[in-house]
Amino acid sequence: MTNSDQRSDEDAIDVQGGYSSGIAVIDPEDSFTDPGIEPHRPRKTDLFPEAEKRSARTVVAWMVLSAIGAVAAIVAYVVFPIDGHDISTVRPNNLFLGLGIALSLLALGIGAVHWARQLMVDEETIDIRHPQRGSEEAQAGALEVLDAANKESGFGRRTLIRRSLIGAAVLTPLPGIVMLRDLAPLATQGGDPAELLRHTMWTAGTRLTRDPDGTPIKASDVQIGSAVHVIPEGLTNETEDWLNKKAKAVVLVVRLEEEDLIEAEEKKSWSYHGIVAYSKICTHVGCPVALVEQHTHHLLCPCHQSTFDVADGAKVIFGPANRALPQLPIAVDDEGYLVAQSDFHEPVGPSFPERAL
Amino acid sequence: MKRTAKKTGRRSPLASVALLGIGLLFTGGAYVVVSQTANATSASASASASTASDLVDEGQKLFSANCATCHGTSLEGTGSGPSLVGVGAAAVSFQVGTGRMPMANQGAQAPAKAVQFTDEQISALAAYVAANGGGPEIPDESLLQGNGDAAHGAELFRTNCAMCHNVSGAGGALTEGKYAPALNTVTPQHIYEAMVTGPQNMPVFSDTNLTSTDKQDIITYLLYVRENASPGGIDLGNLGPVAEGLFLWIFGLGIIVAFTVWLASKSN
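Residue numbers (my numbering), protein chains in the order written: chain A, 1 to 357; chain B, 1 to 268.
Honestly, the hints are just simulated from the structure, not real lab data.
Any given hint could be a false lead.
Here are the in silico distance ranges between beta carbons for each label pair [said to hold, decoys possible]:
(1) A:260 x B:251: 45 to 53 Å
(2) A:354 x B:246: 37 to 45 Å
(3) A:180 x B:237: 38 to 46 Å
(4) B:149 x A:312: 34 to 42 Å
Some chain A residues close to chain B (C-beta under 7 Å, calculated; not the full set) [stated by the list, open to error]:
(5) 212
(6) 290
(7) 295
Rough simulated footprint, nothing fancy, chain A against chain B, three-plus residues with beta-carbon under 8 Å [to be verified]:
(8) 167 to 180
(9) 203 to 214
(10) 241 to 253
Positions of the beta carbon are idealized from the N, C-alpha and C atoms, including for glycine.
Make a model of the complete structure from these sequences and hints.
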């Protein structure tokens, strides 16, 4: 309490000069002089009765225009009905209804402002700003109350109680934060949301099918330079929770010249004659990465320009993403269709707290 | 003239000429009718065969004069241009028919510009390239009419094309100065050819990936978007939230600022 007493004393000294200088250095010779208030200049409407009459007519004209706008909006609503089966009828309805309402409101506002500016009493007055600092008595009174409260409660004296109170107060909101975990959509299906993020629909032997038609893809159908957008076999709009499943499982299949592929030793068996499959979910914040360039083999994320090199393990070559896109190991089944060897070997998409980096 | 001759009973000096003319006309006309009816199929086939080989020769001349510097004298490619063996007539029709080739200068991407060859010259070049290695052919007219399934086309477009070309085909940026061009003025034939051949950095969408019917549907969708006004109001070029935000920041806020200035100003 003694500290705050001292501070208020210093403030009091500062205020003696009539203003609080803060830390600014004020040079009296260079200081800004108050220009005062410019003299009152009467308006045309105050000087000439014709001008006043003209302004009054203008205000009335705006009000009439506003009324016309309101009526026009109602007329437009009747004349341009929205036909539920024809989306092109929405546009004239919205356009003319909106124009009518806008005219009505805008003209009302402009008329009112014009009235105030031109015709209402034009007196300039000065409101002096009241001092923000309280009186000495009020400040002393407030300090007395605080001091008394501190003495009566023993808040300053009983340090153990005070610290335990602060500690408990810090922990109180934590259950709420922990419960946020249940907001994860996957948690509604039971189980650990982190565990569900680690797995996708892909399993050993799942055929790669075209998005959105769901037709399987023969390896011989994928030409060099092709890009095929792929979903796992059996994923349709009727699949339970299909959007979340699709959001994790979408894959981009491209075929490069085999000699262009740079593959890590342990991933050599994951491609098939230059056909590689990568998760389409950006490792930055999960946008679908699908802007693939045929000759540079660059795969660009449209959200934040993360760029991956499809020829080199989809490693990051530009942008904020931190990890390469997960690769889906693929093979070919007896009938020549592309199948997954297994699920992805790492979680797809952006990082989450439980993910080991 | 004959009538004059009968009246006077004397042969006009022009009568023999007229007779000769009528005779020639008759035999010529008869020959035309006979050859058209009897030899219609074989005659046209042999005619197109001779013009086809003429076309290839013509194309080779044009190629040597205009393309061989970069693509090699026998389409094998050089350091400045890729090999054209197997790219097909569709690739030539697209690249030359949109003015992308010949390139004005080496750059990140060959832009579409004024077409430098006549349709006949482009056909000749296409015939020459197709005759040396085959490849995708120029699509059939029936696929380009925009009479497919627009809804299915839209679904395919969103999955395969929209990430680069924008959901309404307004185009978009790629890496290092490259871009996906806007599709709203591209002819259906060139759209089809681009899908089949994968020009520049666009991936190839061969018939084994998107069937010709799929491509017809995609063209139908693009033509539908082109021909139907946006029901929501001014589309601002369909460029998306950045263009729309900029418009609001400049014009929306500008109007508000102008009103505020007017509100706070002193009246005269």
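**OP:** Check each numbered hint from earlier against the structure, then list the numbers of those it violates in ascending order.
**Re:** 10
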